[in-house]
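Listed below, chain by chain, are the residues.
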Amino acid sequence: MSTNPQDRTNREAFDPGSHIGEDRVAGAPPHEHPTLRAELRGYIIGLVLAALLTLGSFWSLQEGVIYGPAIVMALIVLGLAQVGVHLVFFLHLTTSPDNTNNALALAFGVLIVSLVFFGSIWVLYNMDHNMIPVKALLQMRGG
Amino acid sequence: MSTSTGALRVGRDPYHLGHAPSTGEPEYTGHGAGGPAPKRIVVGYGFWIFILSDVILFSCFFASYTVLIHARNGGPGPRELFDLRNTAEETVCLLLSSFACGLASLAVGRRSLLWTEVALAVTGLLGLTFIGLEVHEFTGLVARGAGPTHSAFLSAFFSLVGCHGVHVTAGLLWLGTMMAQFPAKGFKESIRHRYLCFSLFWHALDIIWIGIFTVVYLIGSLPP
Numbered sequence: 001m002s003t004n005p006q007d008r009t010n011r012e013a014f015d016p017g018s019h020i021g022e023d024r025v026a027g028a029p030p031h032e033h034p035t036l037r038a039e040l041r042g043y044i045i046g047l048v049l050a051a052l053l054t055l056g057s058f059w060s061l062q063e064g065v066i067y068g069p070a071i072v073m074a075l076i077v078l079g080l081a082q083v084g085v086h087l088v089f090f091l092h093l094t095t096s097p098d099n100t101n102n103a104l105a106l107a108f109g110v111l112i113v114s115l116v117f118f119g120s121i122w123v124l125y126n127m128d129h130n131m132i133p134v135k136a137l138l139q140m141r142g143g
Numbered sequence: 001m002s003t004s005t006g007a008l009r010v011g012r013d014p015y016h017l018g019h020a021p022s023t024g025e026p027e028y029t030g031h032g033a034g035g036p037a038p039k040r041i042v043v044g045y046g047f048w049i050f051i052l053s054d055v056i057l058f059s060c061f062f063a064s065y066t067v068l069i070h071a072r073n074g075g076p077g078p079r080e081l082f083d084l085r086n087t088a089e090e091t092v093c094l095l096l097s098s099f100a101c102g103l104a105s106l107a108v109g110r111r112s113l114l115w116t117e118v119a120l121a122v123t124g125l126l127g128l129t130f131i132g133l134e135v136h137e138f139t140g141l142v143a144r145g146a147g148p149t150h151s152a153f154l155s156a157f158f159s160l161v162g163c164h165g166v167h168v169t170a171g172l173l174w175l176g177t178m179m180a181q182f183p184a185k186g187f188k189e190s191i192r193h194r195y196l197c198f199s200l201f202w203h204a205l206d207i208i209w210i211g212i213f214t215v216v217y218l219i220g221s222l223p224p
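Listed in order, the protein sequences are those of chains A and B.
Final position of the first sequence in this note's numbering is 143; the numbers increase by one with none missing.
Final position of the second sequence in this note's numbering is 224; the numbers increase by one with none missing.
In case anyone wonders, no lab produced these hints; they're calculated from the structure.
Don't take each hint at face value.
Computed footprint of chain B on chain A; a stretch qualifies when at least three of its residues, placed anywhere within it, have a C-beta under 8 Å from a C-beta of chain B [claimed, not checked]:
1) 35 to 44
2) 47 to 55
3) 74 to 85
4) 89 to 100
5) 130 to 141
Because the structure is a prediction, the values reported are computed rather than measured.
Positions of the beta carbon are idealized from the N, C-alpha and C atoms, including for glycine.
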């Protein structure tokens, strides 16, 4: 069998930091460790992208930068993009086989979060719309 | 065996979908072939599940804030209360702190005690600055009579942002523990796994903060 105990110990002996899974490109040799330079470059790219997106978010609030009613959507898009940058460059969520389970769990988490968030807004907006205003309710009681 | 199934396999077969032990191909573990995944992968996966459950907890707070933002009981709203300059400073602190935590991960991967401690100290100081700015904001709001008891909007605001602040404070305690454990216990496997979980936690808190400054502060401050 090709499960070589020597390979296993080699892999355990090196731990490139915070990676959820090994940052391994599919098809690359299995035990090729990223250099310090390459890893550092990843974090710096992530920092620069995140900083630019944050700047964009705060800047879009300035008067006249973006068409008024579109600002909310612009902020949501910028925020989601920054979440993506953090996931890829800081949390090292990649498409490598060791990360499949993490990515699937994240997909399930996104499903639940959107159900809770958008579901609550939807349901409660409808309820609020159908409620009698408090003033009218008080008048009914008084009369 | 390998000759009969060889025709089924198109190119590479890292998962042994053709059930043949591959020759000269990397063994991708943890998928039913090639043996169990390394412990570091399993530890990271377990903690990732915890983080996702924490994110779901936060999504409830986000939902209640968004629903209650207009329930102000005649009191002030986000436009009157929030100082976006303070929010920007908090954002910078937390982003740089997350970056420093990444640098500490690189130092841990290279077994450099000095750089690990330096990077963790920077991470912690930036996190402390963040907490200081947040406490300053909260005490200012309470002093102006806009405490959590004033309206449903303010209750939702304080519970969401406060819950994040409590997480950061817990993270700082954890960070202090890690800074003590690296010199005391060395770069043992168990300590490195503990640090892996901490770094996941710290990066995830920055992701939650992206949601907070976008939804609570920026979208909240837009004119109606």
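Evaluated hints:
Against chain B, the stretch 35 to 44 of chain A contributes 4 residues with a C-beta closer than 8 Å to a partner C-beta. That satisfies the three-residue criterion, and the hint holds. Coverage of the stretch 47 to 55 of chain A by chain B holds. Counting CB-CB distances below 8 Å, 4 residues qualify, and the rule asks for three or more. Remark: the stretch 74 to 85 of chain A is confirmed as covered by chain B, as 6 of its residues place a Cβ nearer than 8 Å to a Cβ of that chain, reaching the required three. Three residues within the 8 Å Cβ limit are the bar, and the stretch 89 to 100 of chain A against chain B gives 5, so the coverage statement holds.
Under the rule that three or more residues need a Cβ within less than 8 Å of chain B, the assignment of the stretch 130 to 141 of chain A is violated, with 0 such residues.
Hint 5 from the earlier list is the only one contradicted by this structure; the remaining hints agree with it.
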